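Residue numbers (the working numbering), protein chains in the order written: chain A, 1 to 276; chain B, 1001 to 1336; chain C, 2001 to 2288.
Hints are computed from structural coordinates only; laboratory data are not their basis. All values derive from a computational prediction rather than experimental measurement. One or more hints might be untrue.
[Said to hold, decoys possible] No farther apart than 27 Å at their CA atoms in a straight line, the calculated lysine-lysine pairs in the DSS-like style are these:
#1 C:K2054 <-> B:K1061
#2 A:K136 <-> B:K1190
#3 B:K1258 <-> C:K2147
#4 C:K2064 <-> B:K1052
#5 B:K1101 <-> C:K2054
#6 C:K2054 <-> B:K1233
[To be verified] Partial chain C-side listing against chain B, Cβ under 10 Å, derived:
#7 L2129
#8 V2149
#9 A2151
#10 V2229
#11 H2233
#12 N2239
#13 E2251
Note that the Cβ used here is the ideal one computed from N, Cα and C, for glycine as well.
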Amino acid sequence: MKLFAKHNNVLPGFGPTMGYTLLYLSLVVLIPLSALVFKTAGLSWSGFLEAVAAPRVLASYRITFGAALAAAGINAVFGVLVAWVLVRYPFPGKRLVDALVDLPFALPTAVAGITLATVYSANGWVGRYLEPRGIKVAFTPLGIIIAMTFIGLPFVVRTVQPVIEELDAEIEEAAACLGASRWQTFCRVLFPLLTPSVLTGFALAFARGVGEYGSIIFIAGNMPMVSEITPLIIITKLEQYDYQGATAVATVMLLASFVLLLVINLLQKWSRRYAE
Amino acid sequence: MKSASFRKLTASAVLALGLFAAGLASAETTLLNVSYDPTRELYTDFNGAFAKYWQKKTGEKVTIKQSHGGSGKQARAVIDGLEADVVTLALAYDIDAIAEKGLIKPGWQKELPHNSSPYTSTIVFLVRKGNPKKIKDWGDLVKPGVSVITPNPKTSGGARWNYLAAWAYALHQKGGNESKAREFVTSLFKNVPVLDSGARGSTNTFVQRGLGDVLLAWENEAFLAINELGPDKFEVVTPSESILAEPPVTVIDKVADKRGTRKVAEEYLKYLYTDEGQKIAAKHYYRPINKKIPTKLAKLKLYTIDQSFGGWQKAQKTHFSDGGIFDQITGAAAKK
Amino acid sequence: MSAPITKHAARQHGSRRISEPAAVRWLLTAIALAFLALFLALPLAAVFSQAFEKGWETYLAALKEPDTLAAVKLTLLTAAVAVPLNLVFGVAASWAIAKFSFTGKNLLITLIDLPFSVSPVISGLIYVLIFGRQGWLGPWLEAHDIKIVFAVPGIILATVFVTFPFIARELIPLMESQGKDEEEAAMVLGASGLQTFFRVTLPNIKWGIIYGVILCNARAMGEFGAVSVVSGHIRGMTNTVPLQVEILYNEYNYTAAFAVASLLAFLALVTLVVKTIAEWQVQRQLQD
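With these hints in hand, go ahead and build the complete structure from the sequences.
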């Protein structure tokens, strides 16, 4: 990236497009989000701490971030596998499967939540086989992980897939010539090349999971301290007309998302440099 | 994509907006009734009856729009600007919150008879057909192995009634006191596997997901669930005593005056107190306050919230605010 | 969101790679497919199976219900406003970001991404804080009798917010990868700025635009959390399709709920098909 390079750019339109971009960004995103911060600012410091660090709220961070971490982890493993299979192995219906990966992008979250609850509850298609074996999915923290895995899957697949496509065959051949087994090649040669993109996908899936609400409340069980996610805490606070408490927790989440995104963008920068 | 199609797209968007605005402008007198979840069917029925009555009486046409959701969420929407002419919510506490913001005149609860509650209800049990766990009364809910479904009192008005009904029961038992009641409610919530955010969510969990042995529900919800989902699957158990739930109604003064709908809004609520209105309430398994209207609902001992808890403000503060008793007992329950 | 399509385009150089033993290939394929079946195919199948549980007639009747039709109309209107707004923004932003160098580019991109990771609950709440009766503009709006939240404009605003990054994030990497040589050549040859954009840039990014529009549209029509906060839930007036699904579900009308949900699932499928075509077109274009 040539950030500071001076360019004699012959292309016009930087002024108007940049101006419009900043204007629209401010109107739609920045000003509304600043309302959140201002509302929170009405709280005293101790009031703020009380709102964002109460035991129930702390438990909800643990659950939300923990489940998002677990879901992003599952997605990192299976996402890489799916991407690998989609790029490298031919099988019938591949195009269809490839397209299906984007389903969670397009399916409304409420529908996803109701449907996942239908499939994974004790009398559901999958749940009825798990329940007798003592595995409860719906209405437990496991349900939260399932929902987050669902919505986060495309992120890993779609960030890793293009990188696998661009892997240079010669590297693998060279490794094979030098006597490395396939598994060794993957662990020592390919995996390091994939790492930046896997991390990016992981972080994206994680960020998305942390904020998710619609699909989770249908399947989570919502028990305080056990399966209550942070967005639900915000709703609960609103329900008690505690706007400042709600915006305080929301501000914490907003900061977390911002930091996460910044990390993602840095990761992408790093991965781009790595790839070059 | 060519520029022409861009222009077409914008043009059609503008056109759509215009059409929409035109559609709104030509509407006749409308009232917006912002209500809580379980009253959908009641008000669909009642609105039709009132519109007929109003046209006969005045020759004017009136359309009543409905909005339903959790009681607290609905009150908040009204506070934040949802233009409700009347609200019909689950508890006085939520309407008090609207009044606090100056949208309703103080003393609203005295405007209409019977604490502005044209119908009452209570909390009963819905169990699976044949009552396999033999659940007869509140005491059975805390037995080991009984799984109880109720929504979250922090997000659902109905759930607050559930909680308070259990508390009131324990309080009024022989030798009952506050600490016994707390113990009882604590062990009750240990038997709760899921806390949905609203009453309807809980019913769905119980009915659709097959979770739990007993659902704590509004009486009218329990009967409605049986009607909708088949009497062959569930039955209602009425406990020996419960709480008297008074879902109040009121005109939002500020909105009604601004929109010039005060007269029809007031008539609308008064119509709830007429024989016709009371019959509709009874038909939807609410308890009519007019004793002459027949009801099939079982008689039981009912405690009021003022008697047992010193009113809603106090009950809310002690039990449901952050760090209140509900937080304490669920925090404790989770640690076990 | 990285842009799959730019890189997809570079797919397959045709060289045969060394590969794993057939058994391993089969095993990995089987695991991957089983995972996708469990997480994606099964839920999708569940939607349609529940929707058609009581047959075609019930299905159609559920869709013809007036409140549902009103919800469909509102959802279409919302998307028809939100998507073009974000399209114009996406094109402008990607032009400024991809064709020019400036300080703070990374920060700008992060800010554009922000709505994407903000919890939908918060996205709705911020508009209530601004336009609600208690909000910054509340008193002014009330004095002028303008309704934003709990009315159609609020729903559109929340939708614009939630779908804000989609098109921009699709176009930025695409335009970055294409560089600006072609545009510069056109300018040198005497084309005006607008001519250059419409004749040179637009044809290059049109499939990226279509892909972005499709994703943006799908998300706009499907948004639940944010819209739920600002909707007011007035039947037949401010309920969008996802909210209508929830209402029907809450009325024990499961078949109808899933029938309406199947509309959205169907939309998701159409989205995927068009997306696949878009990708295929880009690939072909690049090969030419």
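Against the structure, the hints come out as follows:
1. C:K2054 <-> B:K1061: violated, 37 Å
2. A:K136 <-> B:K1190: holds, 18 Å
3. B:K1258 <-> C:K2147: Holds - the C-alpha atoms of K2147 (chain C) and K1258 (chain B) are around 14 Å apart, at most 27 Å.
4. C:K2064 <-> B:K1052: holds, 25 Å
5. B:K1101 <-> C:K2054: violated, 48 Å
6. C:K2054 <-> B:K1233: holds, 19 Å
7. L2129: Where the cut-off is 10 Å and the nearest Cβ of chain B is about 9 Å from L2129 (chain C), the hint holds.
8. V2149: holds, 6 Å
9. A2151: holds, 9 Å
10. V2229: holds, 9 Å
11. H2233: holds, 5 Å
12. N2239: holds, 9 Å
13. E2251: Holds: closest Cβ of chain B sits about 6 Å from E2251 (chain C), inside 10 Å.
Going through the hint list in order, the structure does not satisfy hints 1 and 5.
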